[in-house]
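Residue numbers (this note's numbering), protein chains in the order written: chain P, 1 to 326; chain Z, 1001 to 1338.
Note that these hints are calculated values from the structure, not bench results. For each residue, glycine too, the CB sits at the ideal point set by N, CA and C. Please note that a few of the clues may not be correct.
Stated by the list, open to error - Taking lysine-lysine and the DSSO-like style, the derived pairs with C-alpha atoms no more than 27 Å apart in a straight line are: (1) 1089/Z - 1337/Z; (2) 1330/Z - 1048/Z; (3) 1130/Z - 1174/Z; (4) 1233/Z - 1121/Z; (5) 171/P - 1130/Z; (6) 1190/Z - 1178/Z; (7) 1115/Z - 1273/Z; (8) 65/P - 1235/Z; (9) 1133/Z - 163/P; (10) 1287/Z - 1121/Z; (11) 1190/Z - 69/P; (12) 1174/Z - 1115/Z; (13) 1133/Z - 1117/Z; (14) 1041/Z - 1287/Z; (15) 1178/Z - 1130/Z; (16) 1296/Z - 1235/Z; (17) 1190/Z - 171/P; (18) 1041/Z - 1328/Z; (19) 1121/Z - 1174/Z; (20) 1041/Z - 171/P; (21) 1190/Z - 65/P.
As the list claims (entries may be wrong) - Derived, one-sided and incomplete: chain Z residues facing chain P with beta-carbon distance under 8 Å: (22) 1059; (23) 1060; (24) 1065; (25) 1149; (26) 1154; (27) 1159; (28) 1187.
Take a look at the letters that make up each chain.
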Amino acid sequence: MNPSLDATKDTQIEKPLPFFSQMSQAGFGDKVFQKLTAFFAFLILFLACMTAFTLWHASADSIHKMGWKFLTTSDWDPVQGVFGAIPYVYGTLMSSLLALLIAAPFGIGISLFLTELAPQKLREPVAFLVETLAAIPSVVYGLWGIFLLAPFMREHIDPLLIKYIGGPFFKGPSTGLSLFTAGVILSIMILPTITAISREVFESVPNSYRESAKALGATNWETIQLAVMKPSKVGLLGAIMLALGRALGETMAVTMVIGNRPEVSANLLGASHSMASVIANEFSEAVGDIHVSALAEIGLLLMVITLLLNIAAHLLVWFTTSKFQR
Amino acid sequence: MKMKTMMVGALVGASLLGSSLAQAAGLNGAGATFPYPIYSKWFYEYNKSNGVQINYQSIGSGGGIQQLTNGTVDFGASDAPMTDDQIAKVAGGVLHFPTVAGAVAVAYNVQGVSKLKLTPKVLVDIFEGKVTKWNDPEIAEINSSETLPDLNITVAHRSDGSGTTNIFTNYLTKVSTKWATDAGFGTSVKWPVGVGGKGNEGVAGLLSQIPGTIGYVELAYAIKNNLTYASIKNKSGEYVAPSVESTTAAAAGALRRMPDDFRMMITNAGGEKAYPICGFTWLLVPKTIKDPVVGKSLTDFLSWYLTTGESMAADLYYAPLPESLIEKVKAQIADVKF
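Assemble the whole structure, with the sequences as input and the hints as a guide.
Structure follows, in structure tokens:
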């Protein structure tokens, strides 16, 4: 037997030992660590509660004066002191929904390509570029939106939509500043979120799934459908929800292209407004307590809507997964 | 070594002490964004000549009033005079010091039309959405020398609350009872038609991007960015373009009806040379100031801006106060008690 080899063997076995022995001794450290992380987790909960409370407190005047009418009126008239949130809620939800409709297929498609189909050399650079989109400040998106995207939509895209689809959803004349343009700009902004997360999700699918599908004679498409997409359902929903969160709260880019007109209209080419925009726009020069308070209530409402959508998504996950198991 | 540490400590201590002393003599203010360029020039020049540092946060008139009410600043600034209710909330009361006047230009983007004239009625009709085409007879009638295209009018207004909106809508309210009941005036109003842009730059962006747009921006902004703007028919029936001179003329025209507390909107002022869409901006000073050091520095600054500061306004396209008004405002400084 070679003694030197033995020695290396010994050290190789011994090396991890001190680590394990520390682990067993470190019951105290474990406890501290657990408490510390729990503290961090509760801190988030505490912050959320405090935010909700502060918003509620700040909106007291408006809640008292407007009551439920705040949620049923579509009038927003600071001069008369009448405040209704409907146009803002509508604008926020519609622009975010449009953004998801555009970005989700693109984002999931990109990440499928990157994990399943793209040549190895291409994967990292493309993923990097897509994720770089997330680092662009939203005001830059907004400026690009007002100087390039909006005129482009007005001159080229909107006339086509009016001509070939038309109906109540695409009615002219278009100024380029619209719910639709806001949806497009938001979709670009949330694309990296959807792409990055769904890529992680697809990558976490064990290779054995793909191999099994292939072994059963599945084509590439069938493999993706059966072995990759199906087990990723929950993860994809998570990706979409995170993206939705960003879209709901986006302020600067939206306010620059949405036209800032508090109006509920089925026309996607019409100007609209959003909850985050109206707060950013009117807060600094809001004169009168009710106005400030109404803006705070919009903030509270935005928080509630985000919460409700999150709950809805969780329920959806719960239902689909239980069906899947059956 | 020890000696050295002690010296460093002493130096740091001395510099800390020095800075805290300087702060004690300094002033803090917050409020309107519209006069920010001239205010920052004033505070800079005043610091250079008198050594008093004045910090000013241009957070908006609403924020300025709020901070003044809470007592977190030494003075506020606003583009709209405070209401009686707002003044009642400030312990001891508030004095309004008009600083400069500014004009709001009605800018437009119609190719080939460079000298548009508008009457108050047409302006209201456009912003009410009643006149929707550039070649509408109502516009054509008063602009016979221009060839007006068959182009849709897009109305652009400010989406953010602003003193500029307050002045503009105040004018519309004065010239049209219909506007007064439909929308009224304020820093944010319910616009009958149009799209909103955030800030002067937002409205200017809309103006440059959408052919056929009409909107309102601060005069200084319109001049610096080479926007085309209209002449408006004033109370005396003259078409007047916005300028520093026509704004001061408007301030002078309004003097006769100026109340003692200077809380007055000077839109639609009389006088042949007066541009009708303009307004004052004010410094808001508490009537009683607890800290005598602050009171002294603040009143010193007030008399400085009324003597030296006013002459700097025109370079930045703000209209200085008319001479006769300056004397009246100076007399109000004595009302600040400390």
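How the hints compare with the structure:
1. 1089/Z - 1337/Z: The given pair, whose Cα atoms are some 18 Å apart, holds under the 27 Å limit.
2. 1330/Z - 1048/Z: 23 Å, holds
3. 1130/Z - 1174/Z: Since the Cα atoms of residue 1130/Z and residue 1174/Z sit roughly 18 Å apart, the hinted pair holds (cutoff 27 Å).
4. 1233/Z - 1121/Z: With a Cα-Cα distance of about 10 Å, the restraint between residue 1233/Z and residue 1121/Z holds, given a limit of 27 Å.
5. 171/P - 1130/Z: 20 Å, holds
6. 1190/Z - 1178/Z: Holds - the C-alpha atoms of residue 1178/Z and residue 1190/Z are around 14 Å apart, at most 27 Å.
7. 1115/Z - 1273/Z: This hinted pair holds, its Cα atoms lying about 17 Å apart.
8. 65/P - 1235/Z: 40 Å, violated
9. 1133/Z - 163/P: 22 Å, holds
10. 1287/Z - 1121/Z: Since the Cα atoms of residue 1287/Z and residue 1121/Z sit roughly 41 Å apart, the hinted pair is violated (cutoff 27 Å).
11. 1190/Z - 69/P: 18 Å, holds
12. 1174/Z - 1115/Z: 25 Å, holds
13. 1133/Z - 1117/Z: At roughly 15 Å apart (the allowed maximum being 27 Å), residue 1117/Z and residue 1133/Z satisfy the hint.
14. 1041/Z - 1287/Z: Holds. Residue 1041/Z to residue 1287/Z sits at ~25 Å (cutoff 27 Å).
15. 1178/Z - 1130/Z: Distance ~12 Å between residue 1178/Z and residue 1130/Z Cα, so the pair holds.
16. 1296/Z - 1235/Z: It is violated: about 42 Å lies between the C-alpha atoms, which goes past 27 Å.
17. 1190/Z - 171/P: Holds, at roughly 23 Å.
18. 1041/Z - 1328/Z: 24 Å, holds
19. 1121/Z - 1174/Z: Given pair residue 1121/Z, residue 1174/Z holds - Cα atoms ~11 Å apart, limit 27 Å.
20. 1041/Z - 171/P: 49 Å, violated
21. 1190/Z - 65/P: With a Cα-Cα distance of about 19 Å, the restraint between residue 1190/Z and residue 65/P holds, given a limit of 27 Å.
22. 1059: 6 Å, holds
23. 1060: 3 Å, holds
24. 1065: 7 Å, holds
25. 1149: 14 Å, violated
26. 1154: 6 Å, holds
27. 1159: At about 3 Å, which falls below the 8 Å cut-off, the nearest Cβ of chain P leaves the hint on residue 1159/Z intact, so it holds.
28. 1187: Hint holds; residue 1187/Z Cβ to chain P Cβ min 4 Å, cut 8 Å.
Hint violations for this structure: numbers 8, 10, 16, 20 and 25, all remaining hints satisfied.
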